[in-house]
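Q: If you want the building blocks of each chain, they are given just below.
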Amino acid sequence: MAIPANKLSSVYVEATLTDTQGIVTEVDSLVSTNNSAPIASSRIKLPDGVNTITIPSGSRGVIISFGALCDSIKVLKGVGGDTGLIVALGIASTPANTGSMMLLFGASVAASFVIDSSAAPGNIDPDYTEFQFF
Amino acid sequence: MAITSTFSIKGYLQGMGAGRIEIETPAKTSAAAVPGRVLIELASGSNQIDVPNGGAGVTGVIITCPAASTRTKILKGASPDTGIQIATSGLGGTFVLLLAGVTRIFVNCSGADTGIFTEFQFF
Chain A
0 MAIPANKLSS VYVEATLTDT QGIVTEVDSL VSTNNSAPIA SSRIKLPDGV NTITIPSGSR
60 GVIISFGALC DSIKVLKGVG GDTGLIVALG IASTPANTGS MMLLFGASVA ASFVIDSSAA
120 PGNIDPDYTE FQFF
Chain B
0 MAITSTFSIK GYLQGMGAGR IEIETPAKTS AAAVPGRVLI ELASGSNQID VPNGGAGVTG
60 VIITCPAAST RTKILKGASP DTGIQIATSG LGGTFVLLLA GVTRIFVNCS GADTGIFTEF
120 QFF
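Taken in order, these protein sequences are the chains called A and B. For reference, each letter of the first sequence is one residue, going 0 to 133 in numbering that gives the first Met the number 0. For reference, each letter of the second sequence is one residue, going 0 to 122 in numbering that gives the first Met the number 0.
None of these hints come from the bench; they were simulated from the model. Glycine residues also receive a C-beta, built at the ideal position from the N, C-alpha and C atoms. It is possible that part of the hints are untrue.
Claimed, not checked - Here are a few chain A residues that sit away from chain B, every Cβ distance over 12 Å (derived from the structure):
#, residue
1, S41
2, I43
3, K44
4, P46
5, G48
6, S56
7, F104
As the list claims (entries may be wrong) - Derived list of chain A stretches under chain B, where covered just means 3 residues or more per stretch with a C-beta under 8 Å from a C-beta of chain B:
#, region
8, 26-37
9, 69-77
10, 89-103
Chain A extracted, bound-state conformation:
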């Protein structure tokens, strides 16, 4: 069987909000499709500080999954000097705050982005963070 020449990705977000009356609002997002997806993944045990994540050429986006045992604060940034956005607090917070999220990129995306991980001194993150580019 021939292997398709193009690698294809198709990704979307599915969400529900259930209000106080039990009424459910569903959010089925637009589907992001990439006919020349790089389909590259990496699993990294993020050390404290600035971690520069290289974006493979042709990427439409990335799914970032913070492991269930991540115990440090994670900040999403464009470059190391940015203020950025706090996206995870780790299991050291109450309630525990980890999970998966997804970024889309424009057509002329930079070569990299940054996850700044700040754990307490001597407290190395015990779990991996996964990046699935598509």
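Please arrange chain B on chain A, whose structure you already have, making use of the hints.
A: Quick look at chain B alone, frame taken from chain A:
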């Protein structure tokens, strides 16, 4: 009864010689969600989007950049940031960010998106 939110990211990858690989992240649920929806015609330059409830209790945001826009959009945590390019002309889409105690986010737009709305669904 509190407002509950649940989301997951789904999709598939194919073309690696191993058939289609399905993607489905573990569902992220909040039993005390803080929903808020912002529809905005982004102005040229820096646009500040306030997170509902000062960010307290907010788990994340689903952002939809319309493909009809011809503007380049950059996501930032503060206006002076370099940020991350999230959309360009004709290339929009929907993605989801986790947020933890974030009070505001910024989107820099290369020009006014007159008559075209970008959506932020907080949860």
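Q: For the region 69-77 of chain A, do at least 3 residues have a Cβ located nearer than 8 Å to some Cβ of chain B?
A: holds (count 5)
Q: Quick check for students: does the CB of P46/A sit more than 12 Å from each CB in chain B?
A: Per Cβ check, P46/A is outside 12 Å of chain B; nearest 20 Å; holds.
Q: At a Cβ distance under 8 Å, does chain B reach at least three residues of the region 26-37 of chain A?
A: holds (count 6)
Q: Check the non-interface label on S41/A: least C-beta distance to chain B beyond 12 Å or not.
A: About 15 Å separates S41/A from the closest Cβ of chain B, which puts it past 12 Å; holds.
Q: Quick check for students: does the CB of I43/A sit more than 12 Å from each CB in chain B?
A: holds, 17 Å
Q: In terms of Cβ atoms, is chain B entirely out of 12 Å range of S56/A?
A: holds, 15 Å
Q: Is the coverage entry for the region 89-103 of chain A by chain B consistent with the three-residue Cβ rule at 8 Å?
A: holds (count 8)
Q: Is the nearest CB of chain B more than 12 Å from the CB of F104/A?
A: Answer for F104/A: violated, closest chain B Cβ roughly 6 Å.
Q: Just double-check K44/A for me: nearest Cβ-Cβ distance to chain B has to come out over 12 Å.
A: holds, 19 Å
Q: Is the nearest CB of chain B more than 12 Å from the CB of G48/A?
A: Correct as stated: the minimum Cβ-Cβ distance to chain B is 17 Å, above 12 Å.
In terms of the numbered hints stated before, the structure departs from hint 7 and from no other.
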